[in-house]
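There are 4 protein chains.
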Amino acid sequence: MAIRALVWNENEHEKTNALVQKLYPKGIHHAVAAAFAGASDITVETATLDQPEHGLSEERLRKTDVLLWWGHKAHGKVDDAIVERVQRRVWEGMGLIVLHSGHFSKIFKRLMGTPCALKWREAGEVERVWVINRNHPIAAGLPEYIEIEHEEMYGEPFTIPEPLETVLISWFEGGEVFRSGVTYQRGAGRIFYFRPGHEAYPTYHNPLVLKVILNATRWAFNPAPAWTAVDDAPNVPHDKAPVPLDVKGPRLHEAGETGFR
Amino acid sequence: MAIRALVWNENEHEKTNALVQKLYPKGIHHAVAAAFAGASDITVETATLDQPEHGLSEERLRKTDVLLWWGHKAHGKVDDAIVERVQRRVWEGMGLIVLHSGHFSKIFKRLMGTPCALKWREAGEVERVWVINRNHPIAAGLPEYIEIEHEEMYGEPFTIPEPLETVLISWFEGGEVFRSGVTYQRGAGRIFYFRPGHEAYPTYHNPLVLKVILNATRWAFNPAPAWTAVDDAPNVPHDKAPVPLDVKGPRLHEAGETGFR
Amino acid sequence: MAIRALVWNENEHEKTNALVQKLYPKGIHHAVAAAFAGASDITVETATLDQPEHGLSEERLRKTDVLLWWGHKAHGKVDDAIVERVQRRVWEGMGLIVLHSGHFSKIFKRLMGTPCALKWREAGEVERVWVINRNHPIAAGLPEYIEIEHEEMYGEPFTIPEPLETVLISWFEGGEVFRSGVTYQRGAGRIFYFRPGHEAYPTYHNPLVLKVILNATRWAFNPAPAWTAVDDAPNVPHDKAPVPLDVKGPRLHEAGETGFR
Amino acid sequence: MAIRALVWNENEHEKTNALVQKLYPKGIHHAVAAAFAGASDITVETATLDQPEHGLSEERLRKTDVLLWWGHKAHGKVDDAIVERVQRRVWEGMGLIVLHSGHFSKIFKRLMGTPCALKWREAGEVERVWVINRNHPIAAGLPEYIEIEHEEMYGEPFTIPEPLETVLISWFEGGEVFRSGVTYQRGAGRIFYFRPGHEAYPTYHNPLVLKVILNATRWAFNPAPAWTAVDDAPNVPHDKAPVPLDVKGPRLHEAGETGFR
Chain A
313 MAIRALVWNE
323 NEHEKTNALV
333 QKLYPKGIHH
343 AVAAAFAGAS
353 DITVETATLD
363 QPEHGLSEER
373 LRKTDVLLWW
383 GHKAHGKVDD
393 AIVERVQRRV
403 WEGMGLIVLH
413 SGHFSKIFKR
423 LMGTPCALKW
433 REAGEVERVW
443 VINRNHPIAA
453 GLPEYIEIEH
463 EEMYGEPFTI
473 PEPLETVLIS
483 WFEGGEVFRS
493 GVTYQRGAGR
503 IFYFRPGHEA
513 YPTYHNPLVL
523 KVILNATRWA
533 FNPAPAWTAV
543 DDAPNVPHDK
553 APVPLDVKGP
563 RLHEAGETGF
573 R
Chain B
313 MAIRALVWNE
323 NEHEKTNALV
333 QKLYPKGIHH
343 AVAAAFAGAS
353 DITVETATLD
363 QPEHGLSEER
373 LRKTDVLLWW
383 GHKAHGKVDD
393 AIVERVQRRV
403 WEGMGLIVLH
413 SGHFSKIFKR
423 LMGTPCALKW
433 REAGEVERVW
443 VINRNHPIAA
453 GLPEYIEIEH
463 EEMYGEPFTI
473 PEPLETVLIS
483 WFEGGEVFRS
493 GVTYQRGAGR
503 IFYFRPGHEA
513 YPTYHNPLVL
523 KVILNATRWA
533 FNPAPAWTAV
543 DDAPNVPHDK
553 APVPLDVKGP
563 RLHEAGETGF
573 R
Chain C
313 MAIRALVWNE
323 NEHEKTNALV
333 QKLYPKGIHH
343 AVAAAFAGAS
353 DITVETATLD
363 QPEHGLSEER
373 LRKTDVLLWW
383 GHKAHGKVDD
393 AIVERVQRRV
403 WEGMGLIVLH
413 SGHFSKIFKR
423 LMGTPCALKW
433 REAGEVERVW
443 VINRNHPIAA
453 GLPEYIEIEH
463 EEMYGEPFTI
473 PEPLETVLIS
483 WFEGGEVFRS
493 GVTYQRGAGR
503 IFYFRPGHEA
513 YPTYHNPLVL
523 KVILNATRWA
533 FNPAPAWTAV
543 DDAPNVPHDK
553 APVPLDVKGP
563 RLHEAGETGF
573 R
Chain D
313 MAIRALVWNE
323 NEHEKTNALV
333 QKLYPKGIHH
343 AVAAAFAGAS
353 DITVETATLD
363 QPEHGLSEER
373 LRKTDVLLWW
383 GHKAHGKVDD
393 AIVERVQRRV
403 WEGMGLIVLH
413 SGHFSKIFKR
423 LMGTPCALKW
433 REAGEVERVW
443 VINRNHPIAA
453 GLPEYIEIEH
463 EEMYGEPFTI
473 PEPLETVLIS
483 WFEGGEVFRS
493 GVTYQRGAGR
503 IFYFRPGHEA
513 YPTYHNPLVL
523 KVILNATRWA
533 FNPAPAWTAV
543 DDAPNVPHDK
553 APVPLDVKGP
563 RLHEAGETGF
573 R
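Protein sequence lines correspond, in order, to chains A, B, C and D.
Just so we're on the same page, our numbering is the position in the first sequence counted from 1, plus 312.
Just so we're on the same page, our numbering is the position in the second sequence counted from 1, plus 312.
Just so we're on the same page, our numbering is the position in the third sequence counted from 1, plus 312.
Just so we're on the same page, our numbering is the position in the fourth sequence counted from 1, plus 312.
Do not rely on the hints blindly, as some may be mistaken.
What the hints assert, rightly or not - Here are the in silico distance ranges between beta carbons for each label pair:
#1 C:GLU461 to A:ASP551: 20 to 28 Å
#2 B:PRO562 to C:GLY350: 44 to 52 Å
#3 B:LYS375 to D:ALA538: 37 to 45 Å
#4 C:ALA536 to B:LYS375: 48 to 56 Å
Read the hints as simulated data drawn from the structure, not as lab findings.
Every residue, glycine too, gets a C-beta built ideally from N, C-alpha and C.
Same shape as in the complex, but just chain A (with noise of 0.2 Å):
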């Protein structure tokens, strides 16, 4: 059974945006999803801001394995409501890669819970991707270093947690540094951010930044069935407990009471 992807997209600055369009004439979203290309394993498919839910419905979403995220300007205009739905998503097993400006996306500050900025400076310089753990999944197939020509810079402090896995760290020729691949877990769901992808630049037709996203579709795929009791709060009745129990002492709750929330 393949894993399905579904590469999200605001697609904003491709409908105004000369260079844009011709850097990435279908949209970003189809630069991305050409990460899958002669994946046999992987199927995919596109959804973009300006759809209806923005594409991303409770049944699309019920049958996304993985979904990846670019967005820039338009990170207000993503409905809250489908914020958290795609958050829920997540805890239930859904693996979310995110793309680049993402870091500042509803969804990924969410699931982070801090202000995940950053510096920039947009001046074309050459960035430099290091591998810093090897065996991770996600770098499966890489060289020592991905070398883009032409990038714009992000630099720490990048206000994340603390990673589970620190995977690749970024060199500037202006001379800062940032963690471009990081890993979380949020519930079921595993996230990746993965920096590169400024759109003023053809990072995403690089072969091997493309390889990291098919790497990491692969790593964020959780085969197991979707977690959907995640946020239930059950009551284990002391008559039912794993080693019964008589009730001691006062109670709050009544017998079969549903807990607060």
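Dock chains B, C and D against the given chain A, drawing on the hints supplied.
Chains B, C and D only, in chain A's frame:
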């Protein structure tokens, strides 16, 4: 200069439930604040839900080094704008100690990015809180374990992110286990979740429970000036880079423009 | 290409103790190897202390993807040179599953850098192994907990480094808790410690215990080529740097010299 | 009561190399010890390889709260028995700051369980040490980065375990990056590795480098009494269990017997 602690309590059960009134006649907040009696390095105040701005005005939070949070039945009554204000102060460096049923508070869920759900049972059973990270400052001066005669059970899976450090794990008479003391960092703020403290039992009169609260408050204190720029995304112009650069290639942003968010 | 598992057992109690002989007539290694029965993606062999080089020759280790380790009374008989050989293979990418009393094995202590000590009691009490990280591949297909009728108790504090992930926590009838399933990475190798398995009880005939062992073996498998250069400290000459440099200032080392170690 | 710091240096280059002699006429240990000048909460002594027991007798280590370690060409001359002694003191709670080429010291490799290898180049290039965890006590009072005009390059992959916290990351003029400040805990002892400090450059005369060393020493200090039982494996008899038990089923060990190790 003393650590300025602020104990926040929804203070609802205390008004309506005779049992809780008897156990905590001045409110749980005052019982928790008693943890600092005799600690010359800490000053303590209290705040409750029913005060203007829930007792958590901008000014008061600015003068708070460590906030302790107890809530249960009134999580939904806490104003979202005030939750955001508290979150921002945590990012700036304010410590946060989340107590017991506070696992489902808006502020804790927002900082964790997960459901923070768990199993529960109110049967007055024995809880034994084991110290598993003896070196941690939060465990200073504790015995091998704290035995609490009557407590509510909280059972795994507790849907939190993998902690930075697991300090305490509880054993329950009815057969469950629970990560009872876990640490996190969000921005410049340190967070500690501490499990015991059901309002139907005299847990906050237990000297060892209060010792954990005292230790945790000292640990969570960040003496650095508030990191008020924690959410900024400053542009570093090409000619102000650590290694000054010429701009290469195209640009999306105008010089001096603020980035999208 | 199948995962090549190798189950190592000191195989001493089996020769001298009638109880262990009866429970594990072919040795604990064969009971553990039964975890892979029916797993078409895994081939399994066994090795024991009394074989030449403890059954762990250079060649055999080179052909091993995941090593499982059971030892107890004969830790001291394991040759230091072979321990170093195993450690090196872990660094190169071989997975390692350390079972039960293997917490005190030379190889585990060497990879952890800590005492790996714990409390213990042999009273045939109930152990309940709770799954706390449901999403982890090692927990695939497990129920909420594994209940083992008779087991030796291991109690905290377990002096290991803070784990990468805590997957399982045990509850014991006598009142203790223990981190029963924890993960680490050392070099390119993944390590899983799994607590149950005292030789006086039929634990390795429990299908759920064997399922954890099967899952852990799949998880620990690193499909990448062996990282044989993992311990190299290569010099990168100034003119071969990613950004070629002129040498500035004085030098301690001659050009082309090997670094100190 | 003051923190008792002890700066250990192999002190070999200083005897044979004119360049190092000129930079550090009293030895690198005295330059490092100068970090504590004016710190009324810290007393400092030094020790060197050529002293009896390398200056690290049982008694002296017992009176040391934080040990700082500089070694390079003489790692192999350090006696294994003394390495074990130091390791044990770390487990008991002594802090350890490992400096620069100490990454290949016996004590660091033993505590990490990994090769601790890296790339290197001696070209006098610029190193820029970025603070990425601003809240960490080790970063107290630092600017955004420390710029060092001439340093040896250390490059990733640095084969260490995933750190507890990554505090500092370095950028090098020649194009590499390196995790320059990382924390660990082993037993009750805190460990900090700090990269800069090649003996051919005046790095230990840089006030910001000394500030990191001062901060790290305060952070690594554990005020708790030494955990001398850290390596014990105590038996908890069935009738002394937190929940006293009857023995069920067979036993391998005699009552009162010491466990195997």
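Checklist line | Pairwise beta carbon distance, PRO562 (chain B) to GLY350 (chain C), judged against the given window 44 to 52 Å | finding: 58 Å, violated
Check: Quick one: are GLU461 (chain C) and ASP551 (chain A) within 20 to 28 Å, going by C-beta?
Finding: 21 Å, holds
Margin query: Can you tell me whether the CB distance of ALA536 (chain C) to LYS375 (chain B) sits inside 48 to 56 Å?
Written below: Distance hint for ALA536 (chain C), LYS375 (chain B) holds at roughly 54 Å.
Next item on the list: Mind checking the hinted window 37 to 45 Å against the Cβ distance between LYS375 (chain B) and ALA538 (chain D)?
Entry: With a Cβ separation near 39 Å, LYS375 (chain B) and ALA538 (chain D) satisfy 37 to 45 Å, so the hint holds.
When held up to the earlier numbered hints, the structure conflicts with hint 2 and nothing else.
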